[in-house]
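Trainee: Sequence:
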Amino acid sequence: TYGKIHLEANNIKTGTGPSRVELRDSASRAGIRGTRNIGDGFIGLFGAELSFASDAGTFGSTPLRAAYVGMDTPYGTFAGGRLDNGSPVGSPFYNQLSKITTYAPNDSGITAWTDDFTNPRNRVSNALGYRTSKGKDFDVRARYFMRGSNNVSENTASSFDLGGEYKFGNLQIGLGYGKDIKDGGLVAPTATTSDFKEKNQVGLRWSTGFISPYVVAGTDKYVQYFDAKTKLATNRAKANYSILGADYTTG
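Add 11 to a position in the sequence shown, counting from 1, and you land on the number used in our numbering.
It should be emphasised that the hints constitute simulated quantities derived from the structure, not laboratory data. Since this is a predicted model, take the numbers as computed values, not measurements. Check the hints yourself; a few may be wrong.
[Said to hold, decoys possible] The list that follows gives simulated cross-link-like pairs (lysine to aspartate or glutamate, EDC-like), each with its CA atoms no further than 20 Å apart:
(1) Lys232 to Glu209
(2) Lys110 to Asp66
(3) Lys232 to Asp126
(4) Lys110 to Asp126
(5) Lys249 to Asp126
(6) Lys208 to Asp148
(7) Lys190 to Asp126
(8) Lys178 to Asp194
(9) Lys190 to Asp148
(10) Lys232 to Asp127
(11) Lys15 to Asp51
[To be verified] Label-pair distances were calculated between CB atoms; the ranges are:
(12) Phe171 to Val213: 12 to 22 Å
(13) Asp127 to Ala244: 51 to 61 Å
(14) Gly50 to Lys147: 15 to 25 Å
Ideal Cβ placement from N, Cα and C applies to all residues, glycine included.
All chains should be modelled from the sequences, with the hints used to inform the complete structure.
Mentor: The structure is reproduced here in structure tokens:
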């Protein structure tokens with residue numbers, strides 16, 4: 012069993028209004044995980060993780076963060092269930108972002124930025140995932156997921172994500188690719204959903220031990236629809252994003 016209570020103190024000021032100081036939860040969680048050695052290099056894996064809001068005394072916005080069973084093998088790690096970046100197989104786009112960039116100061120709460128504009132689709136259900144052996148300079152994650160029977164319109168939809176990083180010397184490079192499939196065609200992007208015709212991401216990080224600059228760039232491509240009368244596009248065809256930053260280490 013494991014868990015953490017994670018609160019952050021924020022001083023917030025918007026426009027010309029008064030500032031306010033608050034305590035806000037930042038992804039507090041509790042969970043269980045375990046292993047069973049089967050022999051010959053095969054190890055069974057299981058885990059489940061819940062989120063809770065320590066500032067409100069309730070469950071978090073996503074109560075069940077992850078729940079999976081899997082197998083660590085000489086050929087890599089396999090897992091199925093509800094998978095996220097903390098599962099043994101990770102999340103192809105999200106884990107790549109966390110390896111290339113730096114969160115200030117963490118990956119949740121008021122400073123979180125990944126979900127806002129990079130669409131990493133970190134946490135998914137009905138998923139099967141794979142990761143190459145950990146601890147290597149070459150790391151690949153793949154994930155296929157069916158998008159859920161709780162929404163009839165999504166019953167025929169599925170998604171595939173692939174991400175890999177390679178480190179040689181001080182340079183680390185990451186590449187990511189994603190694609191969605193749906194009977195009847197992909198839908199136009201909205202404020203809450205995005206069907207990817209294709210998603211591409213590339214990242215570079217140069218680690219010197221003193222300062223480590225990094226850059227990530229990506230493109231989310233969508234199926235574009237047009238108005239029957241005006242012939243004008245009714246939705247965007249793609250969205251580009253980029254991140255440029257650096258780590259500075261002292262001591």
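Trainee: Could you run down the list of hints and mark each one as holding or not?
Mentor: Going through the hints against the structure:
For the given pair, Lys232 sits about 5 Å from Glu209 by alpha-carbon distance, which is consistent with the 20 Å threshold. Of the pairs offered as hints, the one joining Lys110 and Asp66 is violated, with about 29 Å between alpha carbons and a cut-off of 20 Å exceeded. This hinted pair checks out: Lys232 and Asp126 have alpha carbons roughly 17 Å apart, not beyond 20 Å. Straight-line distance between C-alpha atoms of Lys110 and Asp126 comes to about 16 Å, which keeps the hinted pair within the 20 Å bound.
For the given pair, Lys249 sits about 17 Å from Asp126 by alpha-carbon distance, which is consistent with the 20 Å threshold. A threshold of 20 Å between alpha carbons decides the hint, and for Lys208 with Asp148 the separation of about 30 Å lies outside it, so the pair is violated. Taking the CA atoms of Lys190 and Asp126, the gap is about 18 Å. The hint holds against a cut of 20 Å. The straight-line distance between the Cα atoms of Lys178 and Asp194 is roughly 39 Å, outside the 20 Å bound, and the hint therefore fails.
Of the pairs offered as hints, the one joining Lys190 and Asp148 is violated, with about 26 Å between alpha carbons and a cut-off of 20 Å exceeded. At most 20 Å may separate the alpha-carbon atoms for a hinted pair to count; Lys232 and Asp127 meet this at roughly 16 Å. For the given pair, Lys15 sits about 34 Å from Asp51 by alpha-carbon distance, which is inconsistent with the 20 Å threshold. Taking the beta carbon of each, Phe171 and Val213 are about 18 Å apart, inside 12 to 22 Å as hinted.
In this structure the hint that Asp127 and Ala244 lie 51 to 61 Å apart at CB is violated, the actual value being about 24 Å. In this structure the supplied range 15 to 25 Å holds for Gly50 paired with Lys147, their Cβ-Cβ distance being about 23 Å.
In terms of the numbered hints stated before, the structure departs from hints 2, 6, 8, 9, 11 and 13, listed from lowest to highest.
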